[in-house]
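*Asks:* I would like the entire structure built from these sequences, with the hints used as guidance.
These protein sequence lines are chains A and B, in that order.
Per our numbering, the first sequence starts with residue 270, numbered consecutively.
Per our numbering, the second sequence starts with residue 1280, numbered consecutively.
No lab work stands behind these hints: they were computed from the structure.
Be aware that one or more of the hints could be misleading.
With a cut-off of at most 30 Å between alpha-carbon atoms, the simulated DSS-like pairs for lysine-lysine come out as follows [to be verified]:
(1) A/Lys391 to B/Lys1369
(2) B/Lys1458 to B/Lys1444
(3) B/Lys1369 to B/Lys1458
(4) B/Lys1551 to A/Lys359
(5) B/Lys1444 to A/Lys391
(6) B/Lys1551 to A/Lys391
(7) B/Lys1458 to A/Lys391
(8) A/Lys391 to B/Lys1449
(9) B/Lys1449 to B/Lys1521
Covered by chain A, according to a simulated footprint, are these stretches of chain B (three or more residues, beta-carbon under 8 Å) [said to hold, decoys possible]:
(10) 1323-1332
(11) 1509-1523
Given the structure is predicted, the values throughout are model-derived calculations rather than measurements.
Every residue, glycine too, gets a C-beta built ideally from N, C-alpha and C.
Chain by chain, the residues run as shown.
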Amino acid sequence: MSTKRRLQLNLPAPGSKRILQWGAALILLVAALFVPALVQTYWLHVIIIAYFYAILSSSWSLLAGYAGQFSFAHVAFMAIGAYTTGMLGKHLGWHPLVGIPLGVVAAGVIGVGIGALVLRFKPAYLALFTIAFSEILRLVIRGETQLTRGDHGLHLEPLLGADIISRVPYYYIMLAMLVGTLLFMHWLVRSRIGLFLRAIREDEQAAAARGVDVVRYKVLAFAITSMIAGLAGAFYGHYVTIISPNMMVLTQMGLVMAMAIIGGVENLVAAAFGGILIQVGLELLREFGSWRLVIFGALLMLILRFARNGLLTPLFRLMFGMGPRAELREGTAAVAEETAPVAEGVTADGA
Amino acid sequence: MDFFLSVSLTGLIMGIIYALMALGLTLIYSILGIVNFAHGEFYMIGGYASYLILSSLTGLHPLLVVPMAGLVGALFGLLFEILFLRPIHKDRIDRPDEYAILVTFGLSFFLINLTLAVVGPYPHRPPSFFRGTVDLGLVNVSADRLTASALSLTLVGALLLIINKTWIGKALRAVSQDKQAAAVVGIDSLSMNSIAFAAGAGLAAVAGALLAPSFSITPDVGAQPSIRSYVIIVLGGMGSIKGSIFGGIIIGLVESLAAGYFPDPSRGLRYKTAFGLVIFMLVLLFRPRGLFGRKEE
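*Replies:* This is how it looks when you write it as structure tokens:
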């Protein structure tokens, strides 16, 4: 029976594979729309935070898994978004709806700067540089207490005003942001830009020789993912209404990386689901206290060592034939390749 | 002038301890070709090892525990190297550069949370080596810090002797210069990798054990010393032993002087690490091979 189903999934023309993927995405989205009706306020909060992490882990996977830039400053850009709108609100009284876009702009501008500086670095140097940037920023935010209130934490206005206590509207906004950024990033990696980024990652010099503007696309990838992180951070700030420099410690970066890698760093959707599942998993396993993160740390190392594609990417590939490798093999050759082992399986079953 | 000298002396004392820790990172980088992003966590292991040993075995002099702490760190390092880094050198990993960064950072995440789960988030402080302060004429230094500095200096010297005079040191240098040529003359580079990583982790653990009585330890205590070590090895030149010794002393001096002369003293203290980091970013941008680095970097 199962053989038969696999046969049906794999045989049809490439177009239907895509229909299957989008169909599954649509079903999930509809299910997500009903979440507020099904869960209590506390769990709704957990899921909002899970979506926040999903935006961070998927945008980091675009930067690391597609563009090959293993930046450790991703949560720092998230904090730039949050602190920009937070300080504009506190000192100038600007409305969150003005502050959030400016937070995104600030993350983008600084992202272009840092992206241009690290352009020529080897991976280890890029990692060191982004760690240094992130730590300097954290020290400055801790130090400049008059501007940022340092470790006391900066209070932000709730996005929808103090009158609305319900979390349901926040849930839909965060969901919309997650879906929106995922669609945008999906479009990006499917476009020429995504192809260029992957070419650069495989071989920078060869890509340059083929006429890819390496500088432009690497900086672009850094800036775009920084802006997405800034957007997530700015909205998060106006949702939880208090932010502190602790939001950007390196262990937070470690958590985002663990989410992306455990999900699958070379697949946006897998990385996003990694974020959601780990955040929800952390809540479900609350009784285990600190041991939860020990487990995820061990899992992270084991996955790096033995399953470079993460846990979800192979699963998706099995279910929908998704992921970069399948995309490359689309077409008749792929169909022939896919069906051969199945056909063998059928005869073996019959015999 | 007196202020300048006393601040410099304090910086020098700390700088030697920083150099010891950075030396471990350099050893690992020059042999294995990777940056250990969990270096600070070996510092943390050293601190906790000395605390835990001393609180279970009372009556032991704290100084005797320092080598034990180093050994604990080295064993952890050895285990990690064999399980997770050796596959790189057996060509079992694709994209080895990225893997090395991520897996050592993963180790750091794992160790911080493991320590949190085992001993909790509260600061601990092992007993002093020697109580009180020592009058050095210009400045009073706590006896603990002076002991730590003197021991670091001895260890740095011993390490230089080992690297320059013994067979193992020669083998290590050979591997760092040319892996294949070393293999031709019969040096097993895999075991050199293990030795270098274990030794590097052990040095960080010793630094942790030496400084734990002065600055208490928490599970996330490793972040500052490890970032400082990155600054030092980049400043000195990645893989250069001379570079990490000078780099350590320079960073010790810079931190001390900048904090001492910063217009607003309390803010100066808060930005202590940031001064080193600014130097770090400048070096990376304008002279990536550092002071003594090999040219190809």
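*Asks:* Against the structure, test the hints numbered earlier, and report the numbers of the ones violated in rising order.
*Replies:* Numbers 5, 10, in rising order.
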